[in-house]
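All chains should be built: construct the whole structure from the sequences, respecting the hints.
2 protein chains.
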Amino acid sequence: MTAPRHALNVTRAQDFSAWYHAVITGADLAENSTIRGCMVIKPYGFAIWELMQKILDDKFKEYGHENAYFPLFIPIDLFEKEARHVAGFAKEMAVVTHHRIECVDGKLVPTSPLETPLVIRPTSEMIIGEAMARWIKSYRDLPILINQWCNVVRWEMRTKMFLRTTEFLWQEGHTAHETEEDAREEATRMHDAYRWFICDILKMFGIPGQKPEHDKFAGAVDTYTVESMMQDGKALQSATSHYLGQNFSKAVGMTFQGRDENLHYAHTTSWGLTTRIIGGVIMSHSDDDGLNLPSAIAPYHVAIIPIIRDLAAKASVMEYCESIKNALSGSVRTLIDVKDIPPQNKKWDYVRKGAPLILEIGQREADRAIVSVIKRATLTKEIMDKDKFIGNVSDMISQHDTILQRRCQDSCAQKMNNSIKTIDEMREFFETNAGGFVVAKFNRSTTDVSALDPMAVSVRCIPTQQSGVGGKCVITGLDTDTDAVFAKSY
Amino acid sequence: MTAPRHALNVTRAQDFSAWYHAVITGADLAENSTIRGCMVIKPYGFAIWELMQKILDDKFKEYGHENAYFPLFIPIDLFEKEARHVAGFAKEMAVVTHHRIECVDGKLVPTSPLETPLVIRPTSEMIIGEAMARWIKSYRDLPILINQWCNVVRWEMRTKMFLRTTEFLWQEGHTAHETEEDAREEATRMHDAYRWFICDILKMFGIPGQKPEHDKFAGAVDTYTVESMMQDGKALQSATSHYLGQNFSKAVGMTFQGRDENLHYAHTTSWGLTTRIIGGVIMSHSDDDGLNLPSAIAPYHVAIIPIIRDLAAKASVMEYCESIKNALSGSVRTLIDVKDIPPQNKKWDYVRKGAPLILEIGQREADRAIVSVIKRATLTKEIMDKDKFIGNVSDMISQHDTILQRRCQDSCAQKMNNSIKTIDEMREFFETNAGGFVVAKFNRSTTDVSALDPMAVSVRCIPTQQSGVGGKCVITGLDTDTDAVFAKSY
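Protein chains in written order, with my numbering: chain A, 62 to 551; chain Y, 62 to 551.
Among these hints, one or two may not hold up.
Same chains, same names: a pair is fine if it fits in one copy or spans any two.
[Said to hold, decoys possible] Heads up, simulated DSS-like pairs for lysine-lysine below, C-alpha to C-alpha not over 27 angstroms straight-line:
| # | residue 1 | residue 2 |
| --- | --- | --- |
| 1 | 115 | 221 |
| 2 | 295 | 442 |
| 3 | 198 | 408 |
| 4 | 447 | 436 |
| 5 | 407 | 449 |
| 6 | 142 | 476 |
| 7 | 482 | 449 |
| 8 | 115 | 386 |
| 9 | 449 | 198 |
| 10 | 198 | 533 |
| 11 | 407 | 198 |
| 12 | 400 | 122 |
| 13 | 168 | 407 |
| 14 | 400 | 447 |
| 15 | 168 | 152 |
| 16 | 152 | 400 |
| 17 | 311 | 533 |
| 18 | 311 | 115 |
| 19 | 386 | 122 |
Bear in mind the hints are in silico, worked out from the structure with no lab data behind them.
Shown next, in the form of structure tokens:
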């Protein structure tokens, strides 16, 4: 099938940012609300998030985590107890100061001021840590493995749908352990679970690694990240997990009686993945015709479009569509679209929505027991026997995933550069290329990375997989064995 | 089995309110947080909420509703557009006024004031209505059937875990329709879905009906409710659904082009059920030994407690426990508790947590291929052949549900009084009885019900099932056919 036109009114090459918004609008995923920086996640976008939640939630529970729910509000004085933590979030916190509104001179105004202002959680280390401090008495109470699905608020000045919004949805895992070793193992395990989710389930290109000293989570000892590459070569920090040492347990007094009968501070971790990952999926797999979705998170694997040219044929076409739907196993999410709009519009709707397989079914298909299948990943059309389609549908969905994954891998691999030795070479690379990841030498103890600022580039991570080859840090010129990934980022 | 003692340190008869908190603490469902009026829902409590969510969410989706997510914040001036709505909530709204905190004179204070203060959603009619107004162009876009699972905030002065907290979790359905008839049908359908959930799934005693004029939702034309009776005879408003007429569509300008090509305002509904229902389950079914849970929302149906008297027996006892767990079908949620605490403590833990069936398994059970089962609803113990237990477990779980339901029904039926004709008789009833529901005559158009205030009683609902018998309104003395339910309430 030759696409008669692109299904979006802007291409990636023309304007990547405008294209990103066109994909979101075209697939009806979300929209900006009238509240500055807040978005509405529409049903199709939310269905994707629900599928993501189920996959991750099952994985977390398999690892022994339990879900719970903690307050939205954090008293300002509790937040204060971990100095680096509050410093990291102070500039972006929504603060509740009143608990009533009243009409004064014909205008609604806040009244009844609070004694202690309440911050809306930007993250819950303090409030969950404080609760765990109450729960933990002895080493027998450890580990405590908690997860929470909720909304958080970070007041952002420049927002972008899914990628950076004032309110967003996420899960935040919080765990407490007897020893540093146990806590480090947990942080690493969840880091690897995120790598699995991002690379194996979402078929994205991601580099797992550690954040450099100067870019750790506020209050963490070590921060692990998966840095994904988008089609424009920019990095997206896709999920992070933190070994928090005893920083938070000391701030909230989370002690336990150890096997030696002395009191010890617990070692804690936290880890989170947000709705921004939906933005990551969009910028990893979508094309100039709209969204492409890996099958694990596709609300519909098969979208069936009945084509009814005259009312006399309606019953038999609908019956045939139903027979296809019924023959597909329950694990294949199938939709018959009976909306009262032209079939051609529906086809392009599902192209823009990224349904992996789109069937156009008219009288001809019903008469001959065939199906016309559009494969979304390649936008190719094929005529198949119905029975063959039924038998092969799982393979076709797998092929869809393989195409998405390979295409993303190949495109990103081309944008990797590991031959850069100096900051001048790096500047030239970022000036002459649309984007990409540079792997270059970096001295781990560097904290002043201002040399990168003119390029608007940052150290994304120190990848887990290291070359082991020695060289000179591109920033300090010091000898080092450490590789780091440098890129522009979202 | 004779209980050697009650598993809680206070009984219902001694102090119902203290008992309620003892059940929550004994089952480890939740705790008060350090933030005024906010609770922490602990893992066991949250597991119950997750089971509730799944059942309701499936039902909502079966009825064609789609989940979505809307902003936490509502600009104060948007809220203002529906006068009765804002009046109903103004006294209990948390207001965000600043978006930054800074250290001033060694103290953290809010800075960067907002131009327009933001209210934290106490409910989302306005914010969802405003979005729907953007989405709806023509009658072809209707109905729109949306649901949202989220947190809401209503600033409460007197709080009680689950029943009334400043922040709580809920689902809120919001729908828009072409005609009044369609919208009324939706409100009724969801009202009936709640009755089904509360009475058939949760096995509670509930009276479906309509709220009287003076107690409708702020901005509704009609409010439907299920009023459940607690063991102390008080009512709990368990879930409400509202026909909102065109009140909200007019406030937000939600118009559509009708079949007649003219512009019309949509008719809307909303309906919600909150975490307070967990409090309702507690006060419907629990006893002096702790929680009792209907099986649909029991995190574990079968709790297996290994009793290991000497280490030599450990392997065979554990193997036998595993063999029971493996023989039970996947729909029977089974736990083997391997924690390092005495078996006797574990037994009372699961009594307090309300696991329907508790197995104590030692060497004797393993040797003889038997099980010792404690049936939680009756606290009776039985020795059974393992195979018989495996074969009968589903029936035993059904019997558990039947006992809970019958016990609740019988207890509540005894506390119903429909022979009261005057306000004096009503006063006598509420003075001489611990509690209960009075069914008496009530003129629907009555708005001044202050005659009930000295009794601390309110009109709970005008039940769907009416006697049809005429009489005189207990408040106005006017002739009326209408029955209403009067009670004290949470």
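How the hints compare with the structure:
| no. | hint | result |
| --- | --- | --- |
| 1 | 115 with 221 | within (25 angstroms within a copy, 32 angstroms between copies) |
| 2 | 295 with 442 | neither (33 angstroms within a copy, 65 angstroms between copies) |
| 3 | 198 with 408 | between (60 angstroms within a copy, 22 angstroms between copies) |
| 4 | 447 with 436 | within (15 angstroms within a copy, 53 angstroms between copies) |
| 5 | 407 with 449 | within (24 angstroms within a copy, 56 angstroms between copies) |
| 6 | 142 with 476 | neither (43 angstroms within a copy, 52 angstroms between copies) |
| 7 | 482 with 449 | neither (55 angstroms within a copy, 74 angstroms between copies) |
| 8 | 115 with 386 | both (24 angstroms within a copy, 25 angstroms between copies) |
| 9 | 449 with 198 | neither (62 angstroms within a copy, 42 angstroms between copies) |
| 10 | 198 with 533 | neither (49 angstroms within a copy, 63 angstroms between copies) |
| 11 | 407 with 198 | between (60 angstroms within a copy, 18 angstroms between copies) |
| 12 | 400 with 122 | between (39 angstroms within a copy, 18 angstroms between copies) |
| 13 | 168 with 407 | neither (47 angstroms within a copy, 59 angstroms between copies) |
| 14 | 400 with 447 | within (23 angstroms within a copy, 55 angstroms between copies) |
| 15 | 168 with 152 | between (29 angstroms within a copy, 15 angstroms between copies) |
| 16 | 152 with 400 | neither (48 angstroms within a copy, 44 angstroms between copies) |
| 17 | 311 with 533 | neither (38 angstroms within a copy, 68 angstroms between copies) |
| 18 | 311 with 115 | neither (34 angstroms within a copy, 38 angstroms between copies) |
| 19 | 386 with 122 | between (32 angstroms within a copy, 18 angstroms between copies) |
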